[in-house]
Amino acid sequence: MTVSDEWSRFLLDVWILSNGHREQVRRCFDQLFERHGFPHHIRSDNGAPFAAPNSDLGFSKLSAWWLAVGIDLERVRPDNSQDSGAHERMHRDIKHELQCHAKSNVRYQ
Numbered sequence: 023m024t025v026s027d028e029w030s031r032f033l034l035d036v037w038i039l040s041n042g043h044r045e046q047v048r049r050c051f052d053q054l055f056e057r058h059g060f061p062h063h064i065r066s067d068n069g070a071p072f073a074a075p076n077s078d079l080g081f082s083k084l085s086a087w088w089l090a091v092g093i094d095l096e097r098v099r100p101d102n103s104q105d106s107g108a109h110e111r112m113h114r115d116i117k118h119e120l121q122c123h124a125k126s127n128v129r130y131q
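Residues 23 to 131 (the numbering used here) make up the sequence shown, in order.
A portion of the hints provided could be inaccurate.
Below 20 Å or equal to it, Euclidean Cα-Cα: the simulated DMTMM-like pairs (lysine to aspartate or glutamate) are [unchecked claim]:
(1) K125 to D115
(2) K83 to E96
(3) K125 to E110
(4) K83 to D67
Label pairs and their in silico Cβ distance ranges [unchecked claim]:
(5) Q53 to E96: 16 to 24 Å
(6) D115 to R57: 35 to 43 Å
(7) S40 to E110: 22 to 30 Å
(8) D94 to A124: 34 to 42 Å
(9) D78 to K117: 34 to 42 Å
Don't read these hints as lab results, they were simulated from the structure. Note that the structure is predicted; figures quoted are calculated from it, not measured. Glycine residues also receive a C-beta, built at the ideal position from the N, C-alpha and C atoms.
Whole structure, please, built from the sequences with the hints as guidance.
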């Protein structure tokens, strides 16, 4: 999972998660908020754990927590990766760098 600052384009953190469960993702964001403070808004895709399509308003427990602490939510339109083009480009650059310097397993990577 990657988190970047839209204004500065800085990559704030990268995590290799064993799963996308809310508890694991929440711990990552707790650490991120401790270091950088709470953002004004968070842009995310519409997948778990950021959204819950079966809930009344589409809020997951994670996104409800963000709202409760005063963070505005922005969601990219489904199937419109251009809504977060800079972030997607960063993913492409990271993938390229990792492939050029690949290690034998995830721990060393």
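### Index of numbered hints that the structure contradicts, given in increasing order
Hint check: 3 and 6 fail, others pass.
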